[in-house]
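Peer 1: Given next are the chains, with one letter for each unit.
There are 2 protein chains.
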Amino acid sequence: MNLITIEDVHAAAERIRGAAVRTPLLPCDWADVDRPLWLKPENLQPVGAFKIRGAANAMARIPASARANGVVAYSSGNHAQAVAYMAKRLGLPAVIVVPENTPATKIEASRRHGAEVVVVPITDRELVAARLVAERGATLVPPFDHADVIAGQGTIGLEIAADLPEVEVVLVPVSGGGLAAGVATAIRACCPAAVVIGVEPELAGDVAASFAAGHRVLWSAQDRARTIADGLRATPSELTFAHLTQRVDAMVTVSEDEIRAAVATLATCANLVAEPSGAVTTAAYLHRAADLPTGRTVAVVSGGNVDRWLLAELLG
Amino acid sequence: MNLITIEDVHAAAERIRGAAVRTPLLPCDWADVDRPLWLKPENLQPVGAFKIRGAANAMARIPASARANGVVAYSSGNHAQAVAYMAKRLGLPAVIVVPENTPATKIEASRRHGAEVVVVPITDRELVAARLVAERGATLVPPFDHADVIAGQGTIGLEIAADLPEVEVVLVPVSGGGLAAGVATAIRACCPAAVVIGVEPELAGDVAASFAAGHRVLWSAQDRARTIADGLRATPSELTFAHLTQRVDAMVTVSEDEIRAAVATLATCANLVAEPSGAVTTAAYLHRAADLPTGRTVAVVSGGNVDRWLLAELLG
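In order, the protein sequence lines correspond to chains A and B. Quick note: the first sequence, position 199, residue 199 per this note's numbering, numbers continuous. Quick note: the second sequence, position 102, residue 102 per this note's numbering, numbers continuous.
Please keep in mind that the hints were generated in silico from the structure rather than gathered at the bench. Among the clues, some could well be false.
[To be verified] Partner residues aside, some chain A positions facing chain B, computed with beta carbon under 7 Å: (1) G48; (2) N101; (3) A104; (4) I107; (5) N271; (6) R308; (7) L310; (8) L311.
In this text, a Cβ means the ideal position worked out from N, Cα and C, and glycines have one as well.
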């Protein structure tokens, strides 16, 4: 299987310039002395998540002849918003296929960006998306199972390497694996002495279980859906899993309580609103010190789209 | 009276590099079409506020012969944390003089940075600080009434000009006036077509009242203390007021309810935790459109040190 290269990530960085925010590294004065911590706040991106990077890279590569036919995404989460946002920015039509249990606020968010939203039974999502692609000549922008999407997410690793070349530990959330695959590709190439550690919720710890078993372990969607971290309920594709096994050094998992507490810590100590999925790396830093190497650490805060009532509850 | 120059701000930018975070401009996809909005998130600085910039610049200029005698600051708020943080970073002793009504958490924050904290009756603050300066040969770092502090805060304006040269409106909070004085100096020099608008709470609107009257109007500390925006209860010095009258184009005020709502908007729409003082510019953008020019707008989010219970209340 062909993995993406560091050149793919560099090319993505050129393509997404201006669409994605060049996020800074934020030093944390509350970190342990032997493990100084910086946060990479991808929750500050347009649409509130790193997903803008992969979507922008993949959509920049659509041939001129196919652009007018638009794009299709099936997702109810941050990826859908990223595709809708980028389509508006690029002047392309977009269709977002969402399952019928999607909260109205999320549908509204996609519509606000001008996207057409098609609501279908959850089991029909990929089928309907494929039909739209076939009927309209549109381009599918998958959430993670695509080399261009992985390369786009990898630009986060390039920026970490540029801002903190002496980084020693990079903590990155793992769900479908596109983010971790891309970041690990960039860090391996630019900071070969650093280790990249993937973080999952215990309740959606299929990749950690796979690493522990030494072979791919599959968990049901129902099992993975138990975590509060709703952005981390996916499972890698063959493509992203191959990147993870070859380029991510280790996996750790965190509990639901630790994730909840980390959301509050990020709000109170770093002035960042993180969604539970975006807080798992901070949870690992705070509660899995024994499983992590010491040294200069970067935690990727992947997104911030948390319901305001939940945020208030976690703070109260 | 000598005002600072753009050269002072450029020199400050060199001095504070590495101490202050180079914050990005964050585009807001929820902004009005004719008034695109970017946030300048100074709440992401170490110590959670822009104050690090002025403190870093002023402290970098302390002569080698005086460094071992340390620094003194009288403040219970973000400026004290900034001085304590920078002193630790530079290896200087620091004394923070705080009034006896200061919350224990704020005293603890200064001590965590290694500062000595002296608790005094509120009316004795400046006297005790002056005595410490005289006795120890220490250097006083004032919160705003100092050219180096103003120049340090002005680096925010330089960064706005670099990232968005075509900016048309800059919204900046006004309290003691150091931030607005510095930002206005930089914007006037780098983006002469842009207007700089100061924002105050109505309940601490002494500078707005002064602008309206055409001469300096003084409000009592008791009056100014009514606002929830506890970082905006100070009043300009002669030095900062001279900068404001000559370089800030207009003042607007916002209500307490508007400030509270803006804290929630920044958390839910921009994933930023802002303190009430840091949210006044967003409040002005949202609720004072009639008083503001249209065009590309930047709102400075000056700080994020809000009590977690208050934040939870404003979100709930």
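Peer 1: Confirm or reject each hint.
Peer 2: Structure-based check of each hint:
1. Using the Cβ-Cβ criterion of 7 Å, the hint placing G48 (chain A) at the interface with chain B is satisfied: the shortest such distance is roughly 5 Å.
2. Hint on N101 (chain A) is violated. Least Cβ distance to chain B is approximately 22 Å, over the 7 Å limit.
3. Among the interface hints, the one on A104 (chain A) is violated; its C-beta lies about 16 Å from the nearest C-beta in chain B, farther than the 7 Å criterion.
4. Among the interface hints, the one on I107 (chain A) is violated; its C-beta lies about 16 Å from the nearest C-beta in chain B, farther than the 7 Å criterion.
5. Hint status for N271 (chain A) relative to chain B: holds, with the closest Cβ pair at about 3 Å, below 7 Å.
6. Given hint, R308 (chain A) at the interface with chain B, holds; its Cβ is 5 Å from that chain's nearest Cβ, closer than 7 Å.
7. With a least beta-carbon distance of about 9 Å to chain B, the hint placing L310 (chain A) at the interface is violated under the 7 Å criterion.
8. This hint holds: L311 (chain A) has a C-beta 6 Å from the nearest C-beta of chain B, less than the 7 Å allowed.
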